[in-house]
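Novice: Spelled out, the chains give:
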Amino acid sequence: MIIAAIKPYKLDEVREALTEIGVRGMMVTEIKGFGMQSGHTEIYRGAEYAVNFVPKMRLEIVVTDSLADTVVETITKTARTGKIGDGKIFVLDVASALRVRTGDVDDDAL
Amino acid sequence: MKKFAISAAALLVALPALAQEATEAVAEAAAPVAEAAAPVMDKGDVSWMMTSTVLVLFMTLPGLALFYGGLVRSKNMLSILMQTTLIACLIMVLWVVYGYSFTFGGSTSPYWGGTGKLFLSGVTADSMAATFSAGFVIPEFLFIAFQMTFAAITPALIIGAFAERVKFSAVLLFSALWVTLVYFPVAHMVWDVSGLIFVMGAIDFAGGTVVHINAGIAALVGCLVIGKRVGYGKENMAPHSMVMTMIGASMLWVGWFGFNVGSNLEANGGATLAMINTFLATAAATLVWSLLESVQRGKASMLGAASGMVTGLVAITPACGTVGPMGAIALGAIAVLACYFFVTVVKNKLKYDDSLDVFGIHGVGGIVGAVLTGVFSAGSLGGVKGEDYSIAAQLWIQIEAVAITLVWSGVISYLLYKLIDMTIGLRVDQDTERQGLDLAVHGEQAYHG
Chain U
2 MIIAAIKPYK LDEVREALTE IGVRGMMVTE IKGFGMQSGH TEIYRGAEYA
52 VNFVPKMRLE IVVTDSLADT VVETITKTAR TGKIGDGKIF VLDVASALRV
102 RTGDVDDDAL
Chain Z
4 MKKFAISAAA LLVALPALAQ EATEAVAEAA APVAEAAAPV MDKGDVSWMM
54 TSTVLVLFMT LPGLALFYGG LVRSKNMLSI LMQTTLIACL IMVLWVVYGY
104 SFTFGGSTSP YWGGTGKLFL SGVTADSMAA TFSAGFVIPE FLFIAFQMTF
154 AAITPALIIG AFAERVKFSA VLLFSALWVT LVYFPVAHMV WDVSGLIFVM
204 GAIDFAGGTV VHINAGIAAL VGCLVIGKRV GYGKENMAPH SMVMTMIGAS
254 MLWVGWFGFN VGSNLEANGG ATLAMINTFL ATAAATLVWS LLESVQRGKA
304 SMLGAASGMV TGLVAITPAC GTVGPMGAIA LGAIAVLACY FFVTVVKNKL
354 KYDDSLDVFG IHGVGGIVGA VLTGVFSAGS LGGVKGEDYS IAAQLWIQIE
404 AVAITLVWSG VISYLLYKLI DMTIGLRVDQ DTERQGLDLA VHGEQAYHG
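So the sequences go chain by chain: U and Z.
So the number in the working numbering is just where the residue sits in the first sequence, counting from 1, plus 1.
So the number in the working numbering is just where the residue sits in the second sequence, counting from 1, plus 3.
I should point out that these hints are in silico values taken from the structure, not numbers from a laboratory.
No residue lacks a Cβ here, since even glycine has one placed at the ideal position from N, Cα and C.
Please note that the accuracy of each hint is not assured.
[Stated by the list, open to error] Listed next, the stretches of chain Z that the computed footprint assigns to chain U, with coverage defined by at least 3 CB atoms under 8 Å from CB atoms of chain U: (1) 267 to 274; (2) 441 to 447.
[As the list claims (entries may be wrong)] In silico negatives: residues of chain Z with every beta carbon more than 10 Å from chain U: (3) G47; (4) S50; (5) V57; (6) C92; (7) G125; (8) L175; (9) A179; (10) G234; (11) V257; (12) M329; (13) I337; (14) E390; (15) I402; (16) W411; (17) Y417; (18) M425.
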């Protein structure tokens with residue numbers, strides 16, 4: 002499984018690129034977090050608030066082992082702007098997978 | 004038709020507003036009468052006009068602001084509210100400094116009103132402005148305030164075309180220059196007794212050419228010069244709140260009674276004709292838009308209904324004082340056919356990014372309304388014009404008036420956009436646009452959580 006945090010506006014581009022290399026599904030969550038990118042300040046009638054968490058999109062993509070490296074590469078290539086805040090990618094092993102409708106397991110379920 | 008003969012000062016008795024065909028005859032007849040009897044200020048008229056003035060403000064703030072605001076993505080909501088608010092305030096101040104003078108300053112030039120009333124010089128609480136009935140006047144301050152709200156909403160209409168990507172400072176600078184070189188002259192041309200288009204005999208009761216066509220073409224030119232939004236056609240740019248848009252559109256409808264009915268300048272039978280027409284054209288237009296959508300897409304949408312509403316309001320604006328109620332229904336329905344076709348087919352073919360369809364609704368709806376005013380004003384079609392009225396002749400005059408406005412506003416707007424682009428720049432940088440104008444430009448967010 003690949004977990005990636007990317008800039009929200011890159012989502013569509015990344016989705017398109019992943020579809021092209023054969024990824025057939027992903028889970029997407031709107032999240033907030035912090036890394037090296039500092040937040041921003043908001044000012045309301047003189048009261049200044051530091052917003053330390055910046056919005057990101059979290060993608061969870063489960064693919065066969067053979068496809069995993071390509072997925073990581075594709076996300077990196079598509080989501081990169083070269084500026085701080087482009088995000089991070091983590092790769093994890095998944096114990097098992099099952100498609101609820103059919104009962105297919107593991108690779109067949111993907 | 005709007006005709007204003009404004010008294011130059013309190014001492015001068017206002018000329019009565021005149022039917023175009025009879026302008027000179029009535030003026031001659033009225034002059035001795037005016038010397039003999041003091042003109043009458045009716046408190047009913049004054050009350051209605053004060054109400055109308057506030058209603059037109061309500062159209063802009065919050066009506067237009069919410070209507071437009073709901074149509075952008077949530078990250079740009081506040082930029083729309085701020086642009087609308089500050090444009091309205093800026094133009095109000097400019098209006099009394101020189102706008103009123105440039106528009107209704109008393110000069111006999113066909114293009115501008117001159118400098119006779121800079122800083123409202125000579126205007127006091129006793130100064131009176133003419134209405135359409137001989138011998139009846141309203142306070143000039145009231146007339147100034149009423150017209151001020153018209154000037155304030157017009158540049159605010161334009162911003163919808165380049166929403167979500169324009170610089171805040173550029174919007175304000177453009178609005179100031181645009182009212183000076185486009186709105187004030189065009190308003191003078193259409194509404195002042197010496198104005199170019201007024202003298203031609205064009206019918207524009209409440210501002211179809213001055214406000215809607217004028218703003219519509221400036222909007223089209225603007226989005227062409229500025230270019231598309233980043234990610235246009237690829238990313239999801241769906242409106243963030245149809246609720247806000249429906250609230251805003253309905254407020255526009257309510258406020259529009261000040262705009263259309265107030266343009267009668269008096270509370271009388273003519274005003275009630277404008278009132279019922281403003282109801283009917285809008286209702287018909289909303290129904291037709293929804294009907295078209297359900298037939299074509301299988302579903303009638305809220306955005307469709309709101310678009311139909313605004314289209315009907317825009318289309319009836321020039322016509323509301325001279326067409327009959329059945330003519331108003333027909334006019335609203337026909338305008339929707341044109342606008343619906345334009346925003347769903349033509350715009351997509353031409354591939355320009357008019358974010359909120361300012362040209363598609365205000366420009367196209369305004370043009371259809373202005374042209375059809377010439378048709379449905381005829382007595383034979385339920386309008387108020389008598390037997391000597393020629394549809395063909397009036398139609399030609401209406402088309403000429405539309406053409407003059409399109410060229411004047413289109414060309415000058417283009418030059419102003421280019422000028423601003425070369426100096427302070429029209430567009431925010433890509434990062435700002437991605438992040439959203441609210442945080443990047445205004446340091447605030449519309450919604451938390």
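Novice: Against this structure, judge whether each hint is valid.
Specialist: Each hint tested on the structure:
1. For the stretch 267 to 274 of chain Z, the stated coverage by chain U is not satisfied: 0 residues place a CB nearer than 8 Å to a CB of that chain, which falls below the threshold of 3.
2. Residues of the stretch 441 to 447 of chain Z lying with their CB closer than 8 Å to a CB of chain U number 3, which satisfies the three-residue condition for coverage.
3. For G47(Z), the non-interface assignment is confirmed: its Cβ lies about 42 Å from the closest Cβ of chain U, beyond the 10 Å cut-off.
4. Chain U leaves S50(Z) outside its interface by the beta-carbon criterion, the shortest separation being 37 Å against a cut-off of 10 Å.
5. For V57(Z), the condition that its CB be more than 10 Å from all CB atoms of chain U holds, with the nearest at approximately 27 Å.
6. Residue placement check: C92(Z) keeps its beta carbon more than 10 Å from all beta carbons of chain U (closest about 18 Å).
7. Listed as a non-interface residue, G125(Z) keeps its Cβ farther than 10 Å from every Cβ of chain U; the least gap is roughly 40 Å.
8. For L175(Z), the shortest C-beta to C-beta distance to chain U comes to about 20 Å, beyond the 10 Å cut-off, and the non-interface label holds.
9. At the 10 Å boundary, the C-beta of A179(Z) stays outside the reach of chain U, the nearest C-beta of that chain being 26 Å off.
10. Not every CB of chain U lies more than 10 Å from the CB of G234(Z), the least distance being 7 Å, so the non-interface label is violated.
11. The non-interface label for V257(Z) is consistent with chain U: the shortest C-beta to C-beta separation is roughly 30 Å, beyond 10 Å.
12. For M329(Z), the shortest C-beta to C-beta distance to chain U comes to about 49 Å, beyond the 10 Å cut-off, and the non-interface label holds.
13. Interface exclusion of I337(Z) from chain U stands, the closest Cβ pair being 39 Å apart, more than 10 Å.
14. At roughly 63 Å from the closest C-beta of chain U, the C-beta of E390(Z) stays outside 10 Å, upholding its exclusion from the interface.
15. At the 10 Å boundary, the C-beta of I402(Z) stays outside the reach of chain U, the nearest C-beta of that chain being 44 Å off.
16. With a least CB separation of 39 Å from chain U, W411(Z) remains clear of the 10 Å interface cut-off, as annotated.
17. At roughly 31 Å, the least C-beta separation between Y417(Z) and chain U is larger than 10 Å, which holds for a residue marked as non-interface.
18. In this structure M425(Z) is separated from chain U by more than 10 Å, as the shortest Cβ-Cβ distance comes to about 28 Å.
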